[in-house]
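Protein chains in written order, with the working numbering: chain L, 1 to 113; chain D, 1 to 115.
A hint or two may mislead.
Unchecked claim - Lysine to any residue pairs mimicking SDA-like chemistry, simulated, CA-CA at most 20 Å apart:
no., chain 1, residue 1, chain 2, residue 2
1, D, Lys16, D, Lys38
2, L, Lys9, D, Pro40
3, D, Lys110, L, Gly42
4, D, Lys102, L, Lys9
5, D, Lys3, L, Glu59
6, D, Lys38, L, Pro106
7, L, Lys9, D, Lys3
8, D, Lys3, L, Met41
9, D, Lys38, L, Gln6
10, D, Lys3, L, Gln6
11, D, Lys110, L, Gln6
12, D, Lys3, L, Gly42
13, D, Lys102, L, Glu30
14, L, Lys9, L, Glu30
15, D, Lys110, L, Asp38
16, D, Lys3, L, Gly40
These are computed hints drawn from the structure, not numbers from a lab.
This is what each chain is made of:
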Amino acid sequence: NAGVTQTPKFQVLKTGQSMTLQCAQDMNHEYMSWYRQDPGMGLRLIHYSVGAGITDQGEVPNGYNVSRSTTEDFPLRLLSAAPSQTSVYFCASSTLVGGYEQYFGPGTRLTVT
Amino acid sequence: AQKVTQAQTEISVVEKEDVTLDCVYETRDTTYYLFWYKQPPSGELVFLIRRNSFDEQNEISGRYSWNFQKSTSSFNFTITASQVVDSAVYFCALSAKQGYQKVTFGTGTKLQVIP
């Protein structure tokens, strides 16, 4: 039981490049989400999903796309990377019952130059 | 709209001291959940506790205790006899019925326990 996994752990991009951050969970959780963590700002929700085929925007969705074709996977796509997207990205999952305590992946540290 | 305020940015205590981390929340919903998460220096986020809005009973787990007071919209976290391993950033979070899926985190309190 691996829990929530994220790849890569580190990534450096040039401005304008695109990439996909991968997230997978093996707990059969319906709910998955992406956060970014910036100094002094806590965790901010980017996008979330309550099941395969269903996604919605969080607090800071601009510049990011998501899709959910399976229960297990929830990739986050950066369309055209900008220095403002330099951050640590966390993926999380939870059940839809009982209050949504989330299990987090180890994070991806992204630097955009 | 919902909001979580952790006014203490950083706290330093000497080992074995007690410390309380404050969390104040705002929501218009009467049904909601509150959480605490720990982020040690290694960077992972670890769930500590969940409390729903209908349960104001305080909770104790070893050296950790949580005080939930709806009257003051607070959900404070106390560590008794702190240890170096408690050094971490602690986040308080809220999800309310109107948007259960949109969990709002506070900005975190960095706790440093000095040996």
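query: Within a Cα-Cα threshold of 20 Å, do Lys110/D and Gly42/L meet the stated pairing?
result: It holds: about 11 Å lies between the C-alpha atoms, which stays within 20 Å.
message: Does Glu59/L sit within 20 Å of Lys3/D, going by the straight-line distance between their CA atoms?
response: With Cα atoms ~12 Å apart, Lys3/D and Glu59/L stay inside 20 Å; holds.
Hint consistency between Lys3/D and Gln6/L [alpha-carbon to alpha-carbon, up to 20 Å]: violated, 28 Å
query: If you draw a straight line from the CA of Lys3/D to the CA of Gly40/L, is it 20 Å or shorter?
result: Holds: Lys3/D and Gly40/L sit about 15 Å apart, inside 20 Å.
message: Can you confirm whether the C-alpha distance between Lys3/D and Met41/L stays at or below 20 Å?
response: Roughly 13 Å separates the two Cα atoms, so the pair holds.
- prompt: Hey, Lys102/D versus Lys9/L, does the alpha-carbon distance stay inside 20 Å?
  reply: violated, 25 Å
- prompt: Between Lys3/D and Gly42/L, is the straight-line Cα distance small enough, at 20 Å or below?
  reply: Distance of about 12 Å is within 20 Å: holds.
task: Could you grab the alpha-carbon distance between Lys102/D and Glu30/L and see if it respects the 20 Å cut-off?
output: holds, 14 Å
task: Please work out if Lys9/L and Pro40/D have their alpha carbons no farther apart than 20 Å.
output: With Cα atoms ~17 Å apart, Lys9/L and Pro40/D stay inside 20 Å; holds.
message: So if I understand the rule, the pair passes when the alpha-carbon distance is 20 Å or less; does Lys9/L with Lys3/D pass?
response: It is violated: about 30 Å lies between the C-alpha atoms, which goes past 20 Å.
query: Does the structure keep Lys110/D and Asp38/L at a Cα separation of 20 Å or less?
result: holds, 14 Å
field: Restraint check for Lys110/D with Gln6/L, where alpha carbons must lie at most 20 Å apart
entry: Violated, at roughly 25 Å.
When the structure is compared with the earlier hints, violations turn up for hints 4, 7, 10, 11, 14 and for no others.
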